[in-house]
Amino acid sequence: MNAPLEGIRVIEFANFAAAPSATAIMADLGAEVIKVEAIGGDPIRGLMKQAKVSDGEHNPDYPFQFINRGKKGIELNLDNPEGADIARRLIAQCDVVVMNLLKERRERFGLGTDDLFQIKPDLVIGLLSGYGEVGEEINRPGYDVTAFFSRSGVYGGGTTPGGAPPHARPGSGDHTTSIALFGALMTGLRSRDVTGEGQVVEASLLRTATWTISLDLVTSLVDGQPAYNRPREKGLSAMLEAFQASDGRWLQFAMPDTGDAWERFCRALDREDLLTMDEFSSGRLRYQNMSQLLATIDESVGSMPADHWMSRLDEHRCIWAPINDSAAAVQDPQVRATGAFETIHHPVVGDFETVASPFRLHDAPNVGVKGPAPEKGEHTDQVLRELLHLSEEEIEALESGGVVHRG
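For the sequence shown, my numbering gives the first residue as 4, with consecutive numbering after it.
Be a bit skeptical, because a hint or two may be false.
Said to hold, decoys possible - The calculated lysine-lysine pairs, modelled on DSS-like cross-linking and capped at a C-alpha distance of 30 Å, are:
#, residue 1, residue 2
1, K373, K55
2, K55, K75
3, K373, K75
4, K55, K379
5, K75, K379
6, K123, K379
7, K123, K106
8, K373, K52
9, K106, K75
10, K75, K52
11, K379, K106
12, K123, K75
13, K379, K52
14, K373, K123
FYI, nobody ran anything at the bench for these hints, they're computed from the structure.
Model the full structure from these sequences, guided by the hints.
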């Protein structure tokens with residue numbers, strides 16, 4: 004049995020993280036993905052935080068490897084008319100084209116959606132942008148920090164009144180949006196299968212963020228009131244807060260104050276005495292006396308290490324999780340049990356682990372990371388020969404003219 008997307012060819016005119024991460028998932032599922040980079044390479048190369056390696060050890064740029072694993076890579080100068088012509092000729096050989104070029108740039112290169120359907124009427128065109136394809140700001144550049152987290156209300160909803168906005172981890176909005184784009188591309192391919200016609204699908208950082216923070220937005224749509232992050236002492240329930248154990252580790256709880264949750268919580272913390280205290284005898288009173296309650300639980304949890312509490316919390320059926328940092332997360336047995344990590348076989352540094360696609364297919368063969376990310380222009384020669392049947396002399400002329408670059 005073949006991989007689910009075997010036989011699908013994708014060409015990607017995109018840089019940074021969101022759109023390339025969507026096509027990385029497609030590569031994991033068996034699609035042939037051709038990554039088109041400008042001469043000099045994708046600007047994200049070397050930009051992200053790098054792993055610490057020994058002196059003299061080759062660093063393959065692990066974030067770039069994650070985002071672009073399993074792809075072929077070519078370098079092409081779209082600003083050169085010959086380069087734009089090669090792009091169109093390559094697109095004619097593909098099923099899917101993915102771009103994060105702003106609309107004005109696509110049209111300048113002759114890569115607008117109407118142009119592409121003239122090349123191949125059954126093409127699936129995937130567009131990724133910061134702010135969408137309609138409205139006055141379609142040509143505004145945007146990263147996930149601005150379009151996803153800031154403009155949508157995510158940062159605003161996570162800000163405590165009077166406090167500074169929070170900071171998200173790098174790329175987290177990009178990778179959330181990549182899943183939206185991947186789903187849209189799969190829908191576009193299905194539509195093509197049914198109708199025989201091409202389809203334009205799009206995802207934007209801004210719109211994906213509105214889905215992510217939808218539980219805040221649906222209420223603001225009705226009452227016009229902003230959501231905000233409550234100060235800890237103004238929280239709805241102490242059983243929805245985080246507490247620090249004596250060894251410095253934090254435990255996060257997620258127990259709505261209903262049913263016997265309060266009783267189970269107190270017994271797990273060896274604080275049955277709280278069950279008899281008048282000031283904590285109802286959910287309303289616990290809310291009204293939140294500062295006192297939090298101080299009491301802080302002291303209790305802080306008296307013993309996290310491992311002590313973990314077993315007791317499970318014994319009393321509490322809903323909780325350790326607050327892992329990234330180093331702890333990659334060693335967490337349950338994280339690993341989900342299949343969250345896969346191995347890349349790299350020709351220089353050998354095997355190393357990376358993050359797998361965000362879902363699992365049962366009984367699907369040949370699914371997973373297919374290989375390392377391409378070096379700059381690594382497959383330029385191969386792609387031009389195999390798809391466009393160019394000769395060595397023709398490729399040499401293009402390279403000397405600054406149209407393409409071979410690695």
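Checked hints:
1. K373 / K55: Cα-Cα ~25 Å, so holds.
2. K55 / K75: 27 Å, holds
3. K373 / K75: 11 Å, holds
4. K55 / K379: 22 Å, holds
5. K75 / K379: Roughly 10 Å separates the two Cα atoms, so the pair holds.
6. K123 / K379: Satisfied, since the Cα-Cα distance of roughly 28 Å is no more than 30 Å.
7. K123 / K106: 19 Å, holds
8. K373 / K52: Roughly 24 Å between the alpha carbons, so the hint for K373 and K52 holds.
9. K106 / K75: Given that 30 Å is the threshold and the Cα spacing comes to 25 Å, the pair holds.
10. K75 / K52: 24 Å, holds
11. K379 / K106: Status holds; Cα separation ~26 Å.
12. K123 / K75: 22 Å, holds
13. K379 / K52: Holds, at about 19 Å.
14. K373 / K123: 28 Å, holds
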